[in-house]
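Enquirer: Next come the chains, spelled out residue by residue.
2 protein chains.
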Amino acid sequence: MKPGNATDLFKAAAEGNRIALARAISAIERGDKVGEEVSRLAFPKSEIGVSIGITGSPGAGKSTLTSAIIDVIRAKDEEIAVVAIDPSSPFTGGAILGDRIRMQDHALDNGVYIRSMATRGHLGGLTVAVPEAVRLLSAVGFATTIVETVGVGQIEIDIVNEADTTVVVVNPGWGDSIQANKAGLMEIADVFIINKADRVGTRETRRDLESMLDLSAAKEFRPPIIETVASEGKGVAEAYDAILSHRSWADASGLTAERRRRRRRNEVERIIRATIEAKVAKLIRDGESDGSFRKLDDLSLDPHSLASSMLEGSQ
Amino acid sequence: MKPGNATDLFKAAAEGNRIALARAISAIERGDKVGEEVSRLAFPKSEIGVSIGITGSPGAGKSTLTSAIIDVIRAKDEEIAVVAIDPSSPFTGGAILGDRIRMQDHALDNGVYIRSMATRGHLGGLTVAVPEAVRLLSAVGFATTIVETVGVGQIEIDIVNEADTTVVVVNPGWGDSIQANKAGLMEIADVFIINKADRVGTRETRRDLESMLDLSAAKEFRPPIIETVASEGKGVAEAYDAILSHRSWADASGLTAERRRRRRRNEVERIIRATIEAKVAKLIRDGESDGSFRKLDDLSLDPHSLASSMLEGSQ
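Sequences listed follow chains A and B, in order.
My numbering puts the first residue of the first sequence at 27, with every later residue one more than the last.
My numbering puts the first residue of the second sequence at 27, with every later residue one more than the last.
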């Protein structure tokens, strides 16, 4: 395996070489030529695995729940990958996974691959890199990939919303903590999980969710509400069953195909946009350095004419 | 004056023809070729007039205050233009100005020109159109143009922030109503006006503003806080004096020149971005109609390759 050769990296990753896999995802994360080539190689096999998005407020217990779901999946002897995303962090690896104590239970299990992704070298960021990483994980043989967010910002919501099944994790009394994103979370949820359901307020939270589901535009599939105490493994098998039920319905109804269709289009649009954004940034930098902007300042060239000539010069 | 001829429209507008002026601004609003050409003609004369941005929550009394400031300016026999912006409204004219009863006091005064601007035909929207309209108003002879917003969204804040002097209008007890935008408003204010200052809570609001100013990064010019009861004309002369004082300082310190320099650069960037956005939208539409996207669905072409070929094909 030559480092930096996409074909070799992809081949080795597909044969189970975890170091090659990690390098391939890092290339995707950087958005460089090797990353693009890895994504190209993975694309024809990208429909094999399924993805589960897990989101919710920080502290809701998403990592503990993910870890417990890993236990359920591993008990069936299936392999599983986890991509943990944090757009707000400039670091990958340690920063996110540091406090994921329970996930470390799986650190020595070769059937579990855990990877965190944060920022990315070029524009387009995680909204381009995460779907590519998920595709690669599917292409190298992971039947299931969980995409877990740290926070509930718009970027995270956009990303998990493109999973085959999206899980929103709340806690008793959740309403106060994520008021701002409530509507967005209601909209994307395929399955609700009330975690820490041994605490007071569980019944009220369920009632709250049910009435919001009653009020929202009727979906063909009404998201079930599952109660878990993930730290004790309680309710986790039921939660995973609910995820599988949604997927069966989504496969049969055509939703899975439709979501993937939409995801591919979004990817093309994001790549085009990112490429063009990079071009704009370069035009602006060039305009400062080659003195074009000075013509604006002595009023000898107007913004429209300057913009036109910069755009023409760039092609 | 041939309708639709930019040179004729601009010439007539500069000679005081208000119908020509209105048509020229409509062309700018639509963002069509005539609008671009009008903007080009106006550009060399764009440094003559000054602009005052007025923003604040809906109901704070911005229109009443603007109307009262018009009275002060007209008493000096100077001409004044007002651009009222509402990015959330798909309509221009009536929707915004309908409830601006007090402004109608000036409807028959030919020394006052009032114009509302809402959406715009092509992408880039008000952030491109409003600066162009302000420039045109300056070029045709208005010594002062007030840019007034209906709401306090990010687009409005971006636009008024580019005025030579930015006025933020608050009311007693303002803190509760615009919590979300407080930081943004604190940052852009050159002058604070506590309108409806005959109500309870004025002293607390002033103390609140003073302590936020103490806490925020020291500006070279500390924004004064003026109390008005605009509906009775109280404090309005003082408010206008505070605006003039800021402008004198800004002119002398170089801030005015720096803001205008930044404004011109932002305009070029926005025009480039809008042009490119339109291109992306067209690429996506074409991809749907010419069947390019189908190759994604049968997995015969990956997103990177498709994006590349779409971008190449567009040049």
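One should not assume that every hint holds.
You can't tell identical chains apart in this list, so a pair holds if it fits in one copy or across any two.
[Unchecked claim] Here are the simulated lysine-lysine pairs, DSSO-like style, with alpha carbons at most 30 angstroms apart:
1) 71 to 102
2) 37 to 208
3) 59 to 71
4) 102 to 305
5) 102 to 321
6) 59 to 321
7) 71 to 260
8) 37 to 260
9) 308 to 59
10) 208 to 321
11) 37 to 321
12) 321 to 71
13) 245 to 260
14) 59 to 260
15) 321 to 260
16) 208 to 308
Simulated from the structure, these hints should not be mistaken for laboratory data.
Enquirer: Tell me the hint numbers this structure goes against, listed in increasing order.
Expert: Hints 2, 4, 5, 7, 8, 10, 14, 15, 16 are the ones this structure does not satisfy, whereas the remaining hints hold.
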